[in-house]
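Peer 1: Listed below, chain by chain, are the residues.
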Amino acid sequence: MLQFIIRRVLLMIPTLFVISALVYFIIDLPPGDCVTSQIEELLARGDPDAHARAAELRDLYGLNHPLWLRYLDWVGGIFRWDFGLSCQDTVPVADLISERMMLTIIMETCTIAFIWIVSFIIGVYAATHQYKWGDYVASFIGFIGLSIPNFLLALVLLYVGKVYFGLSIGGLMDPEYIDKPLSWGKIVSVMQHLIIPVIVIGMSGTAGMIRRLRANLLDELQKQYVVTGRAKGLPPMRLLVKYPLRHAINPFVADIGGLLPDVISGSVIVSVVLSLPTTGPMLLSALKTQDVNLAATFLLFVAVLTVIGMLISDLALAALDPRIRFGATSEK
Amino acid sequence: MNSAGLRYPQKTLVADYTRAATGVVLCAAPLLLLDVNRWLAALLLAGLALFALFLVRTALRHRTRYVLGPDTLCADGPAGTLVEWNRLDRLKLSYFSTKRDRSDGWMQLSVGSTGGRLIKVDSALEGFHDIVERAAQAAETTGAPLSDATRANLRSMGIVVVGQEETV
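In order, the protein sequences belong to chains P and Z. According to the numbering used here, the stretch in the first sequence is residues 1 to 332, in order. According to the numbering used here, the stretch in the second sequence is residues 1001 to 1168, in order.
Derived from the structure by calculation, the hints contain no laboratory data. Remember, it's a predicted structure, so these values are computed and weren't measured experimentally. Don't take each hint at face value.
[What the hints assert, rightly or not] Rough simulated footprint, nothing fancy, chain P against chain Z, three-plus residues with beta-carbon under 8 Å:
#	stretch
1	1013-1023
2	1031-1044
3	1052-1058
4	1090-1096
5	1144-1153
Backbone N, C-alpha and C fix where the C-beta goes; we use that ideal spot for every residue, glycine too.
Between the sequences and the hints, there should be enough to build the whole structure, so can you do that?
Peer 2: This is the structure:
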């Protein structure tokens, strides 16, 4: 196992470096820079010092330096938790992202927990009650979840909540807790506001997972060893848990890595629609204004989370099911 | 059956030393050269400890000679130990791969006898197949419990342990 961990960690390091370089260079590719749009506003207002101000800002953000030098400066700063200056309000990126990053991590963790718990229960129920009304209901929910875009579901819930229940669904906490230090009331408020975003963001992932678990478990349940077990009079629950469920659960573990980027990218538009103070809306605005330091920092965090998710998934899979794949070589 | 002395090939050891050294350098360099944030420093220190552990393990492998005999498997080296085949109570054969399709991986055998420490060997070891075969024979005799994964991996190596077929 140590050898496996070492090899996977060694693969992670160059992967992250390549991703960080690609992200940084691609965001800078379009013509212009983050100062361009600010200066256009000043010029439109007839400010005579617009060009001098532009030169000043470019000097402040280091935009006069070559791109590779700015990249190395940014990468070097990561180790000091200094991601450079953001063009939005000229504040350090580290100050801008801290609370939003924490809220995003909380929201994504709750979403993934929701996906796993709900899809596990419904998936197992649907497979063990095939062609019963419960299976049809689960399948129907699954297809609905897969076919409705997350942002549309968010809009519908916003409308229904406001018009029929008088609820304000937007935001991640009550207005009185915004920019206030952490308190029990704030935690409760965040938890209450998390319910709708978690359901909206987790809907398609849950639906997909239900379908996959149901299909895998049905495959296993139809195998001869299950029929033999049943014929020998093994209790149904023991028969289910001992072999078929253990085999069918592998996709759950294998999907951890893929689930994380899906949930994060899916939450961007939902966060905009529901006015959630997570990283999504800020990332979108940073990409639109070519705020390279801010956008690259967000995307690097997504990459880090994805790579860590993949590592956890691979380690868990290696620990749970260290079987050889038939046809693969067994010896080096 | 005569006793056979088995070692890890030079090529495998060099590759492992390179991996360990690369990891140690990558984790230690920022700590030594930059003013690192304390949380990141903790992460880098954890990485450094992991790679240092791997370096020690590789060095131990380098200095160890495995002796496969009719009655025992002996790891003759700095952290040496002995497994008696007729007292075998633990046998685990795992397969690891860093590729998504799980191809091109390696096997790891863990064997232990009552009251003794485990011996872990990788498929890179010369004579790995002979050790697995002998361990499977011993498991057949002693009735050591085998997991599903171990049975599947043994089958893929053409080894079937009589009396350990899947039961429901």
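Peer 1: Are the hints correct? Go through all of them and say.
Peer 2: Tested hints:
no.: 1; hint: 1013-1023; verdict: holds (count 5)
no.: 2; hint: 1031-1044; verdict: holds (count 6)
no.: 3; hint: 1052-1058; verdict: holds (count 3)
no.: 4; hint: 1090-1096; verdict: holds (count 3)
no.: 5; hint: 1144-1153; verdict: holds (count 4)
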